[in-house]
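Participant: Model the full structure from these sequences, guided by the hints.
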Amino acid sequence: MLVGKELLDKARALSNRPEDEIARGCGYVGPSGRLLRKSFYRALVEAKGYKLPTSGAGAGGGTRGRQAEFRTRVHGNGNLLIGHAYTRRLGLEPGQEFRIELHRDSGSIWLLPLDEQDLDGPSLDGQDDHPDQSEEAGL
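In short: position in the sequence shown from 1, add 2, done, that's the numbering used here.
Be aware that a few hints might be false.
[What the hints assert, rightly or not] In silico lysine-lysine, BS3-like type, Cα no more than 27 Å apart, as pairs:
# : residue 1 : residue 2
1 : Lys53     : Lys40
2 : Lys12     : Lys50
3 : Lys50     : Lys40
4 : Lys40     : Lys12
5 : Lys7      : Lys40
6 : Lys53     : Lys12
7 : Lys53     : Lys7
8 : Lys7      : Lys50
[To be verified] Each pair of labels, with its calculated beta carbon distance range:
#  : residue 1 : residue 2 : range
9  : Trp112    : His86     : 18 to 24 Å
10 : His77     : Gly35     : 34 to 40 Å
11 : Leu37     : His105    : 49 to 55 Å
Hints listed in this document are in silico derivations from the structure and should not be mistaken for laboratory results. Note that beta-carbon positions come from the ideal geometry of N, C-alpha and C, so glycine has one too.
Facilitator: Pasting the structure below:
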C-alpha cells in the first residue's frame with residue numbers, strides 16, 4: 003500500500019480511471035481481494051497533509067462497530083429481542099433455559115435460570131398463572 007508522495011503520484015497517474023481502479027493500483031486491496039476504500043481515502047487525506055484522529059473520538063465513531071444501547075423494543079410481531087451483546091456479557095451459553103417472570107407493578111421482565119427441579123409453568127407477578135387445584139374444587 004502506497005502512502006505519502008508515492009500515493010499522490012500514483013493516484014494522479016491513474017486519475018483518468020474509476021476510483022476503484024485507482025485504489026487497487028495503489029495497493030489498497032485486502033487478502034481476500036476486497037477493496038479497502040476507507041484505508042485508501044484516509045491515506046489520501048493524510049498524504050495531502052491533513053492529520054486525522056486515530057481514535058474513535060471523532061464524528062465518524064471509529065471502527066469499533068455497533069455498541070450495546072441497553073434498549074430494546076417490541077417488534078411488529080410482538081416479540082422482544084435480547085441480542086448477543088447482552089447474553090455474552092452475562093456469560094450465557096446457547097441452550098440455557100430460563101423461567102420468565104412478569105412484574106406488572108414495575109413493568110419489568112425477569113429471566114430466572116431454570117434448574118432441573120424448577121420446571122413450573124409461566125409466572126405472573128411471581129405467582130403461577132394457573133390457580134391451585136384445591137381452590138378450583140372450592141376447598
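Participant: A separate judgement is required for each hint: does it hold in the structure or not?
Facilitator: The hints, checked one at a time:
Annotation: proposed proximity of Lys53 to Lys40 holds, straight-line Cα distance about 15 Å (limit 27 Å). Taken as a hint, the Lys12 and Lys50 pair is honoured in the structure, with Cα atoms around 13 Å apart against an allowance of 27 Å. A hinted pair counts as satisfied when its Cα atoms are at most 27 Å apart, and Lys50 with Lys40 qualifies at roughly 15 Å. At roughly 18 Å between alpha-carbon atoms, Lys40 and Lys12 fall within 27 Å of each other, so this suggested pair holds.
Distance restraint check for Lys7 and Lys40: the Cα-Cα separation of roughly 18 Å lies within the 27 Å cut-off, and the hinted pair is therefore satisfied. A threshold of 27 Å between alpha carbons decides the hint, and for Lys53 with Lys12 the separation of about 21 Å falls inside it, so the pair holds. Using a Cα cut-off of 27 Å, the hinted pair Lys53 and Lys7 holds, with the two alpha carbons roughly 15 Å apart. For the hint pairing Lys7 with Lys50, the CA-to-CA distance comes to about 9 Å; that is within 27 Å, so the pair holds.
Trp112 and His86 have their C-beta atoms about 20 Å apart, which keeps the hinted 18 to 24 Å range intact. Between His77 and Gly35 the beta carbon distance is about 37 Å. The supplied range of 34 to 40 Å therefore holds. Checking the proposed 49 to 55 Å range against Leu37 and His105 shows it holds: the Cβ atoms sit about 51 Å from each other.
Of the hints listed earlier, there is not a single one the structure fails to meet.
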